[in-house]
Each structure stands twice: as C-alpha cells, then as structure tokens.
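Okay, here's what each chain looks like letter by letter:
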Amino acid sequence: MASIQLGEGEKTFIIHGICKDDLRSDGRTCLSYRNFELECGVVSNTSGSARLKLSNTQVLVGVKAEMGPPNPLNPSRGGIEFFVDFSANASPKFAGRGGDELAAEISNMLGLVYKNKKMLDYKSLCVIAGQCVWTLYADIVVLECGGNLLDAIALAVKAALYNTRIPLVTVHKDMDGTEDIDVSSNPHDFVTLDTKNLPVLVTVTTVGSGHIVDATLEEEACSMACIVAAVNKEGAIDGMVKKGSGSLTIDSIYKMLTSAKQIGKDLNKSLDDFLSKKGSDMSSKGFLT
Amino acid sequence: MAGLELLSDEGFRLDGRRPSELRKIRLRLGVFDQADGSAYIEQGNTKALATVYGPHEVLGGKGKPLHDKVIINCQYSMATFSTNERKNRPQGDRKSTEMSLHLQRTFEATIQTHLYPRSQIDIFVQILQADGGNYCACVNAATLAIINAGIPMKDYVCACSSGYVNNTPLTDVSYLEESQGGPVVTVAMLPKSEQIALFKMDNRLHVDHLEQVLEVASKGCKDMYAVMNAAVKEHVSRMAKSMECS
Amino acid sequence: MLTSRSFVKKTRKGGVMKVVREHYLRDDIWCGSAACTKCPIDKPVLEKEPVPEVENTLCSYPHYLLLDTNVVLHQVDILEDKAIKNVILLQTVQKEVKHRSLPSYKRIRDLIANETKRFYVFTNEHHRDTYIEIEPKESPNDFNDRAIRKSLAWYDEHFKDTPIKIVLLTNDIDNREKARNEGRVAYTVNEYVKAMEGRPELMDRLAQIETKERERKANDSDITAPGGRNVLYPEHLSSYEINAGIKQGRYKKGTFKASRENFREGYVSVQGMEKMVFIKGLANQNRAVQGDIVAVEMFAESQWTAPSTVIAEDKGSKEDVLDEDTDNSHIGPKKGAVPTCRIVGIIQRNWRPFCGVIMPAAVKGGTKHLFMAAERLIPKIRIETQQYETLAGNRIIVSIDSWPRDSRYPLGHFVRNLGAIGDKDTENEVLLLEHDVPHLPFSEAVLSFLPKLPWTITKEDETVREDLRHVDICSVDPPGCTDIDDALHYKPLENGNAEVGVHIADVSHFIKPGNALDTEACSRGTTVYLVDRRIDMVPDLLSSNLCSLRGGVERFAFSTLWEMTPEAEIVNVRFTKSIIKSRAAYTYEQAQNKIDDKSQNDALAIGLRGLLKMAKILKQKRTDNGALTLASSEIRFSMDSETHDPIEVERKVMRETNSMVEEFMLLANVSVAQRIRQEFPQSACLRRHPVPPLSNFEPIIKVALTRGFELQVDSGKALADSLDKANIPSIPFFNQLLRMMTTRCMTQALYFSSGMLPEDEYLHFGLASPIYTHFTSPIRRYSDVIVHRMLAVAISADACFPELLDKAKIQEICDNLNYRHRMAQYAGRASVDLHTQVGMYSSLPV
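Residue numbers (full-length UniProt numbering), protein chains in the order written: chain R, 1 to 289; chain S, 1 to 246; chain H, 1 to 846.
Calculated from the structure, these hints are not laboratory results. Some hints here could point you the wrong way.
As the list claims (entries may be wrong) - No more than 25 Å apart at the CA atoms, straight line, and that leaves these computed lysine-lysine pairs for DSS-like: (1) R:Lys115 <-> S:Lys87; (2) S:Lys69 <-> R:Lys93; (3) S:Lys154 <-> S:Lys95.
Keep in mind it's a predicted model, so treat the numbers as computed, not measured.
Please construct the entire structure, taking both the sequences and the accompanying hints into account.
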C-alpha cells in the first residue's frame with residue numbers, strides 16, 4: 001500500500017495517543033469512523049457505478065453486466081468478477097505495473113468473499129442454463145490512496161451493485177428447443193440486484209496494544225498487523241483475513257472481531273439507508289463538485 | 001446509403017449538434033489533494049481525469065536525469081469500464097502506449113522544460129468514460145492539471161478533433177461519428193501562437209479537404225481555449241478569495 | 001461556442017451492450033413557415049397562405065398537413081399528387097420510414113427536394129419543446145405516435161394566433177382518436193382525399209392497407225374472417241421464426257419463380273441447390289409473387305409430386321376456393337416426382353408497380369375489378385376504382401399493397417394511366433417499366449446540379465486545361481446522333497510518326513461525385529436506346545449540349561494522345577483534360593465520302609485518311625491476336641422526321657469508317673485500362689469478357705459439321721481462324737449466320753472492380769485483350785464516368801475521393817451497371833421487336 005515515512009517521534013505520539021488516551025491525531029476515538037462521501041451512477045455507460053471518497057481515499061467502481069457462457073462447473077449460475085486498477089493518479093508509484101500485486105491481492109479477497117452463494121442471487125443471473133449467463137464485472141479504480149482502502153472499496157462495490165441495472169431479456173423458445181435472446185428496447189425495462197446480504201469490509205488495525213478502525217495512512221505506518229473482516233448487516237462475519245507482518249494473539253483477534261462486528265453492523269445500516277434514498281441515481285455530477 | 005446518416009439533410013448531427021458545435025464541456029481544477037495538480041474534464045460523455053506530480057527527483061528506471069531539461073513522463077490509461085465493451089486492462093496495450101507517447105510529445109513541446117533540469121514531471125491521465133475524442137479530453141485535462149500544479153508552459157495546449165462527412169467538416173467528433181470509418185483529424189494547438197503541437201489523422205482524407213478540416217479543428221481548439229481559460233480564471237479568483245478569508 | 005442547451009442522455013441497448021449517447025435539445029429549430037412571426041427563418045418552406053390547389057370540404061380553412069408514418073409508408077402515390085402541398089414531415093416519421101422501407105424513403109426525399117411541393121422537415125427529436133422520453137411499458141410504436149402528437153400540439157400552439165390550422169393525416173384510427181381527444185384536427189387519408197373537390201380519381205390511388213383490426217381478427221379466428229369469408233392461405237411465419245428455421249436448416253431461403261405453363265405451379269431456386277425446387281398448388285405457394293425471396297420447407301420424399309403436363313391459365317372463376325382440383329389421391333412418390341416444397345414465409349417482397357390492363361367487374365357497374373399484369377407470371381391483382389370506363393382499354397399501372405389471408409388475389413391500387421393499348425407512347429412506357437428502366441423525368445434535385453446557362457469557358461478553365469482548339473478534330477457518328485461523345489484527330493509529325501488523338505466528352509467535369517445528379521446517373525447506369533426514343537442517363541442539357549462534342553463549338557474533353565509510328569506502333573501515350581473545337585461532325589457516310597473523294601485534301605481529309613490507314617493496321621494486329629469478328633443482326637429503322645414513325649426497316653451497313661472509329665475507341669479503352677489499373681490496383685473499374693465454356697459452342701460445332709467445317713474453339717485465335725475458313729461461296733449468308741450464332745454462344749461481358757479477381761481473369765475474350773475498360777462514352781455509360789474520374793486522379797487533374805478506392809463499393813456499382821446494361825439491351829431488343837411487328841402489321845395489304 002502506498003506508505004509514507006514517519007519519524008520515530010511521530011510514531012510514538014500516535015501510538016501513545018491510541019493506547020493511553022483513546023485519542024487519535026485527528027481527534028477521533030479508536031473505534032470511530034470518519035464521514036465519507038458517496039455518489040451513485042457517476043459513469044453513465046456502466047450498468048451501475050459508485051464513487052466513494054473517504055478523506056484522502058477515493059475509489060470509483062463501475063459494474064458492467066455482460067452476457068456470456070457460464071462457468072462449466074456452475075452452468076446455471078451467473079457470476080461476479082473483480083478487477084482492481086491502481087491508477088497512477090493515486091501515486092506515481094503505481095505507474096506502469098506498479099500497483100498490480102496489491103491489486104491482485106484485493107481482487108482475490110473480494111472474490112473470496114463474494115464466492116459465497118448467499119451473497120447475491122446468482123441463479124437469477126442465469127439467462128439460459130448452460131449457454132448464457134450474466135457476469136458482473138466490478139471494476140475498481142483507485143484514484144486516491146490515503147488509508148483504509150479496503151473498507152472504502154467494499155463500501156463502493158456494494159453501492160455500485162445496488163445501483164446496477166441489468167437489462168431485461170426475454171428468451172424465446174423454438175419448437176425444437178433452440179433459444180434466442182431478445183433485449184427490450186425500452187430503457188425502463190431492467191432488473192436490479194438484491195444487495196441486502198452483501199457485507200462490508202472492516203479493517204481493524206493494531207496500533208501498539210490497542211486497535212483502531214478506519215486508520216489513516218499515518219496510523220497504518222505505525223501498525224504491524226491488521227485483520228480484515230467481512231461483516232453483513234446482522235453483524236455476522238462472512239470472511240476474515242489477517243494482514244501485515246506482525247503476529248496477533250488469539251485473544252486480541254477475538255477483541256478485534258468484536259469491534260469489527262459492531263462497526264460493520266453500523267456501517268451496513270448507514271450505507272443501506274443512504275442507498276435506499278440515493279442509490280438509484282443514474283446521473284450525478286461526479287467530480288464536478 | 002445503408003449506414004448511419006451522420007449529418008441529416010437538415011444539417012443536424014446524430015446527437016442534435018450542428019456541424020461546427022462542440023459538445024458540452026464541464027471541467028474542474030484541483031480535484032485531488034495528494035497530487036501537485038489535478039483536473040477533471042467532461043466533453044460530452046467523454047470524461048477524463050488528469051494528475052500531475054512534480055517536478056521531483058528522477059524516480060525509477062525511467063532513464064537518466066537530463067542535465068538541461070526536465071523529463072516528462074506521461075501515462076495514459078482507460079478505466080476498464082470506460083468503453084462500451086469492457087476492456088481487459090487499463091493500460092499497457094499498444095493503443096495506450098501510443099497515446100502516452102503522443103501526450104509526452106505534446107507536452108514536451110509546451111512545458112518550459114529548461115526550467116527544471118535533472119528533474120521529472122509525471123502527467124497521468126485516465127479516461128473514466130470514453131465517447132470519442134479521448135486524446136483531446138486528455139490533453140485538455142492535462143493542460144489544466146499542469147496549470148493547477150503551477151508548472152510554467154508556453155501557452156495552453158488545447159486539443160480538438162474534426163471529421164469530414166458529405167463535404168462538411170464536423171467539429172469534436174463523438175465515438176459514434178469516429179467509428180463510421182470516415183477521416184478523423186486530431187489537432188493539439190497552442191491557441192495564441194496558433195502553433196500545432198500534435199497532428200494526427202485516422203483514415204483517408206483527400207489532401208484538398210485537409211485545409212477545411214484543419215481549419216475547423218483549430219477553430220474548435222480556440223473555442224476550447226475560451227472555455228478552459230474562463231475556468232482557470234474562475235478557479236484562481238476563488239482560490240485568491242479563500243486565501244484572503246484565511 | 002457552445003450552443004447546446006440542456007441535454008438528456010439516451011440509453012440504447014444494442015444487443016446487451018449499454019450504449020449511452022448524447023442527445024442535445026435545441027431552441028433554434030424553426031417551424032419553417034412564412035406565416036410565422038416568431039421564428040427567424042431565412043427561407044421558409046411552408047407558404048404564408050396555404051390555399052390548397054383543390055378545395056377540400058373537410059378542411060376549407062388554410063392548413064398545413066402533418067403526416068403520420070403509415071401515411072408516408074403506404075400512400076406516397078397520393079402525396080406525390082400536386083394537390084398535396086404544405087406538408088410538415090417530422091424527423092421521427094422520416095426515421096421510421098427509412099428504417100421500414102428504403103424505396104418510400106427515397107420517394108419522400110425527392111418530394112422534400114422538390115421546392116414546389118413545400119415539404120418541410122421538422123427536427124422534432126432535437127427540439128426542446130417537442131422531445132419526449134419513452135415511458136415504462138410503452139411500445140416503440142405508441143412512443144412514435146405520441147411524439148407525432150406532441151409535435152402536432154406544438155405546431156397547433158405555435159400557429160394559434162394565425163388563421164392556419166394544422167391537420168394530422170393518419171391511417172391509424174387509434175392515433176386519430178387520441179389526437180382528437182387532445183383537441184387537434186385529425187383525419188384519415190381516406191377521409192381527407194374523399195373530401196377533395198373534383199378529384200374523385202385520387203380515391204383510386206389510395207393503397208388498400210389492411211387495417212390492423214382486420215388483420216387481428218383474421219389471426220384470431222383461423223377459420224373465417226370478417227364477413228364470413230374463408231381464410232384461404234396458411235399464415236406466414238414471422239421473420240424471427242424464419243431466421244431461426246434457416247439457421248437450423250429446417251427452412252431454406254430461395255427466390256420464387258412462377259411457372260410459365262401453369263399458374264398453380266412454381267419453382268424456388270434455393271441457394272446452394274443446383275435444381276429448382278417445385279411447388280404445387282396456390283396454398284403451398286402461399287401468396288408468393290414472382291421474384292419474392294421466400295423461406296420454404298422441403299417435403300419428405302414420399303410427398304414429392306410431378307409438375308403437371310397441363311397448361312393452366314388463371315381464369316379466376318371461383319373467388320374463395322384456391323385449389324379445387326387438389327388431387328391428394330396419390331400417396332407415395334409419383335412417377336417423375338421432383339423435390340417439392342411449400343412456402344412458409346416471405347423474406348423480402350419483390351413488389352413493384354406492374355403494367356397491365358383492367359378487367360371488367362364481375363357485377364356490371366361495380367367498383368371492384370381485377371387487374372391483369374402484362375407480365376404473365378404476376379397474379380391478377382384486385383383493385384377498386386370508380387373510373388373503369390376511362391381505364392378500360394388502356395394500359396395502367398397498379399401497385400400491390402397487401403395480400404391478406406382471406407383474399408384469393410393480392411390487393412392493390414391504381415397508380416397511373418399510361419394510355420390506350422396499342423398507342424406507341426403507351427407501349428414504350430410499358431416496355432421501359434417492364435425492364436426496370438428508370439425513365440422518369442429528372443427530379444428537381446438532380447437538375448439543380450446542372451451548370452447554369454449560358455455556359456462559358458472561364459480563364460481558370462483555360463489554365464488547368466490543355467488548349468487543343470487549334471487541332472483539326474472531327475467526330476464521326478451514325479446519322480441523327482446528338483449525344484456525340486467522341487472525336488478524333490490525326491496529325492503527321494516531323495519525325496515521320498503521327499500524333500493521333502481521341503477526345504472524349506469530359507462528363508465528369510459536370511458531374512461531381514456524390515451529388516444527386518451523380519447518384520441518379522449511377523442508378524440509371526446507361527442511356528437506353530429504343531427505336532423511337534432515347535432515355536438519357538444524364539439530363540438533356542449535358543447529353544445533347546454541353547457534353548456533346550458538336551462541330552464548331554468549344555467543349556471540354558478528356559483527350560488521349562498517342563505518338564504512333566507509321567506501322568501503328570505506339571511510341572508514347574498521354575492523357576490530358578483539354579478544350580477542343582471540333583471542326584465537323586460527320587456521319588459515317590459523310591466521312592467515307594470525304595476519304596474516297598480524292599479531290600478533297602484539307603487537313604480533315606488527310607487526317608481521316610491517316611486514321612483509316614492506322615485503323616486497318618490496328619485491326620489486322622488485333623485479328624492476328626485472336627480477336628473475334630462477330631456479326632449481329634442489327635437492323636435500323638428509318639424514321640419519319642415528323643411523326644417519328646418508322647418508315648422502313650433496313651439492316652445496318654458496316655462502312656470502313658465505322659470500324660475506323662471503333663478501332664481507335666478500343667485502343668483508347670485499352671490504354672486507359674492499363675493506366676487506371678496501375679493507379680488503382682485494387683479498385684479500377686474494368687470490363688472483362690470471360691472465356692466461354694467449351695460446352696457453349698456445341699450447337700455451332702454441330703451446325704458447322706453438317707457443312708463439313710470443323711470449328712476450333714479451344715482458343716479465341718483458333719476460333720477466329722476457323723470461322724474465317726467456314727465460307728461457302730454459294731451461300732454468302734452462311735458465314736455471317738455462323739458468326740451470329742457464335743455471338744449467342746458467348747458469355748456476357750461484365751464490369752468488375754480489379755481487386756475482386758485475380759489478374760488472369762481480367763481477360764477480354766472477344767477483343768483478345770488482357771485488359772479492357774470503357775472510357776469512350778461517358779455521356780451514355782456510367783462506367784465511363786467512373787473510369788474518367790479514375791484517370792483524372794491518375795494524371796492529378798482531379799481530387800480523389802474515398803469511394804474510388806473502395807473495391808467493394810466499385811464492385812457494387814459495377815453490379816448495378818451490369819444489370820442495367822442487360823436490361824437496356826433487352827429493352828432495346830424488345831423495342832425493335834415491337835416496331836418490327838408494328839411495321840409488318842401496317843405494311844400488310846389490307
């Protein structure tokens with residue numbers, strides 16, 4: 001991840017604040033989340049899109065629904081594919097193939113979480129079993145990278161999927177069984193996805209003996225390890241990964257998960273609230289504001 | 001003619017513009033905090049984002065520092081969802097490499113490169129939505145980002161494309177118009193001195209028509225300049241005001 | 001300068017790709033009327049006081065007409081009448097018409113181009129106040145109807161302070177009612193036309209369109225249609241089902257050809273099958289008309305039948321029974337059975353206006369008549385007319401509108417009365433129509449591209465063209481020729497060689513690529529010569545005046561100049577655009593006399609003699625190479641100069657001068673062909689004459705053998721030589737007869753684009769030339785115009801344009817030219833036949 005270099009004193013200052021006073025450099029407590037800015041329908045030629053800005057982190061997610069042959073192992077299910085692009089806009093380090101490794105890590109992680117059958121109604125994405133299914137390509141562009149990137153990405157992905165409109169297709173069946181697909185020419189004919197089971201990711205970062213959520217870039221620099229948990233709206237954990245070079249005790253992981261569950265539940269709720277109000281927007285100002 | 005009628009007999013293009021009209025332009029300077037300069041531009045449905053880092057010390061393996069001028073490093077990329085049909089990779093393909101090179105040439109011609117010897121300036125542009133005239137949008141966005149970064153240039157660089165249909169030149173061609181196989185001329189121009197920093201043409205066009213088409217493209221560049229200049233002035237005065245306040 | 005206002009994104013899904021296009025809405029689209037005070041219009045199209053030519057009892061007030069799509073699609077015949085003026089045509093309507101029927105679109109564009117018709121196109125979809133968005137669950141059709149009514153409302157509001165009203169014309173009752181409910185004036189075309197005072201015959205031109213209602217009912221109840229009439233024909237499959245069926249191989253695509261012997265039988269030539277497939281019975285033919293592209297279902301072998309040996313003509317006795325004699329008695333394959341099929345759907349109709357005669361109504365004084373087309377393969381057509389008395393005994397044109405399932409015959413409407421049967425003009429008209437020769441007067445749009453008279457040669461022209469006015473040029477043509485497109489000259493040079501020039505009218509100077517004039521000429525392809533009439537490819541001003549290289553006037557030419565040795569070897573060739581002044585326009589006979597008259601020794605006479613000498617050498621060389629001299633049985637009519645009636649029939653006389661001109665034209669064509677092939681290796685427009693397959697010659701070999709001659713047909717040279725030998729002194733006609741028959745054995749010469757074929761197929765067999773093209777008659781052949789343009793590019797005299805480089809495009813043009821040439825030939829022959837017959841008939845002793 002884009003890292004910054006901090007002096008020892010500065011690190012100590014941050015660690016002490018968190019461990020002793022439950023106070024962070026920007027004035028938050030350890031478990032408080034920052035406000036973020038979310039907008040749906042920013043890229044009009046996608047099936048669904050969302051832009052999320054969390055302080056200095058900014059991601060743009062575009063979902064494109066494409067029809068194609070299904071995975072032979074799951075002939076009657078659609079699917080979702082993730083692709084993360086670290087734009088050089090975020091940092092010159094990402095120029096060329098600079099961000100590829102990190103990108104692969106994140107897309108694998110999202111893929112793992114979304115593999116679960118319960119996440120989306122993959123069956124409904126099937127057009128003709130064995131021949132033709134919808135595949136959702138969720139492409140994530142990291143435009144600015146300022147800490148807590150994974151959480152931001154997961155939030156934006158969920159919002160973009162909520163925003164996604166899949167064109168309504170009808171299948172004609174012939175007498176002898178061949179099928180043909182018809183797409184409605186009326187732009188009002190579309191189906192949306194049920195995103196209520198989708199989790200968000202909550203990264204809990206250990207700093208010294210304490211742990212925090214929604215870490216800034218500086219705080220990340222002070223940390224040796226973190227866990228990333230996928231939490232759904234009930235607070236259940238759909239997946240978990242430990243990252244970083246440090247080690248954690250079972251006890252501290254348990255504590256961190258408890259925090260993650262609570263934060264995740266709240267985060268889901270506020271996101272769902274927002275989406276039910278603004279999530280169906282199809283044209284918004286995007287970067288102009 | 002079975003194909004699309006790009007210009008109706010009543011003189012309207014498919015999207016309702018007249019031949020000499022640009023698409024709607026909307027832009028903003030300073031969209032990111034981390035970069036030294038950034039800008040966002042929409043030309044119709046073509047949307048581009050540009051950031052500028054530098055001048056800074058020469059990083060990575062991108063060649064040695066030059067003793068007399070700054071290295072301009074450009075990268076053009078397209079979001080995978082930007083095109084109608086999804087792309088597999090944002091950059092690194094031939095087309096984007098070519099575009100990167102074109103951008104580099106364009107800005108080497110306009111940035112006051114001698115002012116920053118032994119350093120490097122990075123210009124990154126990303127197409128978020130592609131609807132024709134991608135190169136133009138990138139050049140215009142990059143120009144604004146460079147201005148935003150405070151890097152001295154000889155002049156603005158404004159880019160505009162033009163096509164030629166039914167003996168009529170069209171300004172600022174959209175993707176639909178581009179993809180019909182007619183000639184498309186792309187021009188990047190320094191509007192004040194009317195010098196051309198880049199000139200590129202796709203498909204065949206008879207040399208007799210070139211002058212008209214070129215004229216229309218350069219007119220488009222100047223119109224573009226007017227819009228960009230107004231935006232820069234407004235941005236600067238807003239900055240000045242907020243500085244006064246603080 | 002950004003003049004776009006608010007804009008709305010339009011999402012269009014092609015396939016499953018989401019496509020987003022911008023859609024700008026404007027406030028600078030004007031109403032187009034001279035009566036309007038609000039819109040700043042320079043050139044209003046609609047009249048200020050739209051007083052209709054014909055008093056209309058329904059709308060006695062001044063009004064503009066606004067048309068619904070279905071009116072434009074089906075009732076163009078009415079719209080073309082001069083009684084319809086001041087019409088607003090919406091962009092939406094135009095778009096839909098273009099999508100649904102290109103011929104209708106073309107006709108409506110011609111109407112728009114015609115200034116006197118005052119058709120105004122209103123770009124409603126980009127107007128801020130008339131743009132609408134599709135609503136959920138709205139069908140595209142309803143959406144279009146709503147868009148039309150929206151514009152209607154806008155116009156109505158726009159003219160509310162003027163006495164002018166806007167009248168919607170539609171065929172859709174539904175749309176009419178909706179418009180009326182919104183407080184607008186709306187009529188169906190039938191209502192409107194009926195109310196026109198003094199033009200009852202217009203009613204006949206209304207197309208008999210199935211109302212939607214009737215169609216629906218017919219589909220609901222398969223047994224009986226409204227009125228208790230039987231449904232006679234099986235339903236057609238939808239295009240969707242047809243496509244799917246063809247993909248799976250269940251159906252086959254082919255062209256329907258009615259049988260000449262029996263109206264109940266037909267054949268379908270299916271793609272990829274050598275033999276035509278047989279169809280028996282009208283029900284199996286299922287309303288296909290000669291030339292339609294159809295989808296057929298093959299029968300199993302057990303159901304195959306044999307074509308009947310009876311000749312049957314459709315007497316049309318029983319109206320509601322199709323195949324009364326369907327003998328289904330035979331089970332199992334019949335003797336002589338052939339592959340049989342039935343038609344399940346129509347892929348593309350080949351309906352065109354048909355010439356023919358009207359038959360008396362079944363009930364005396366009735367309005368329903370049957371129409372019998374001159375082409376026997378076309379079924380009878382049911383039409384309704386009030387003017388039987390006028391039409392009886394005349395040749396008329398009828399268009400087919402539809403063929404419902406419950407009608408024995410297709411329904412059509414009367415279009416035009418050509419004139420009395422047997423009348424010369426009428427019969428010519430029939431001949432042209434039946435050979436698909438475009439012969440309408442040139443449209444306003446076409447004429448608008450003609451140069452303005454008086455036409456003069458400007459200083460600028462003089463700088464870009466070589467001045468050859470001092471050269472002694474003359475033309476040699478058949479008598480009475482007014483479209484002179486070639487002229488010649490011969491000038492001895494000091495080094496003993498001679499300069500020979502062929503000068504061709506520079507038609508491409510006047511016809512610029514892509515304009516209406518060019519498109520029209522391209523579509524016509526060739527001038528058609530009938531015995532007493534010429535149908536020009538380009539307007540008269542060009543063909544008989546500006547492009548015609550008449551004697552004594554200055555004209556633009558495209559010149560080919562050779563330097564030749566006295567042995568007629570070409571030392572040097574060059575091409576140039578020039579200005580010439582022909583000294584004289586000779587007939588073949590005059591030229592011959594001038595050559596023969598030893599007393600004449602002026603420059604022209606010397607020139608002609610020089611040319612003749614060269615031509616003879618050239619011809620010898622050609623013959624040595626294996627070029628064929630073939631005879632054709634061309635005859636000529638001498639015309640009465642007053643009445644244009646043929647007075648006598650004569651065989652064409654070949655003079656030396658004929659072949660002299662021909663020789664130089666061939667030479668020019670070959671030289672040009674080489675040059676343009678060099679410049680346009682992929683897209684040169686050339687002409688080839690394929691080597692005829694040996695089997696073609698079988699009949700004449702047999703004939704020659706009966707007289708003891710052996711014809712060698714393995715090469716052109718051998719054939720030419722053996723033809724020369726086949727001479728019976730006692731029967732001088734024998735050799736000519738053989739040559740005439742050889743002509744029949746030949747394949748057709750064809751235009752083609754050089755990139756479409758390997759080089760060894762460029763061969764022109766008849767002329768024994770490895771490469772050939774047509775360059776010398778641009779006034780009457782469009783191929784020559786293309787070649788002129790290519791040559792002009794090759795010598796940098798003119799600008800190139802993309803079409804010239806597109807080999808597929810050139811081939812497309814060539815295909816049309818080949819078709820037009822064939823048709824023109826047939827029409828010409830038919831005209832000769834007609835006149836021969838008339839001539840014989842009238843010279844019969846009474």
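Hints the structure fails to honour: Hint 3 contradicted; others consistent.
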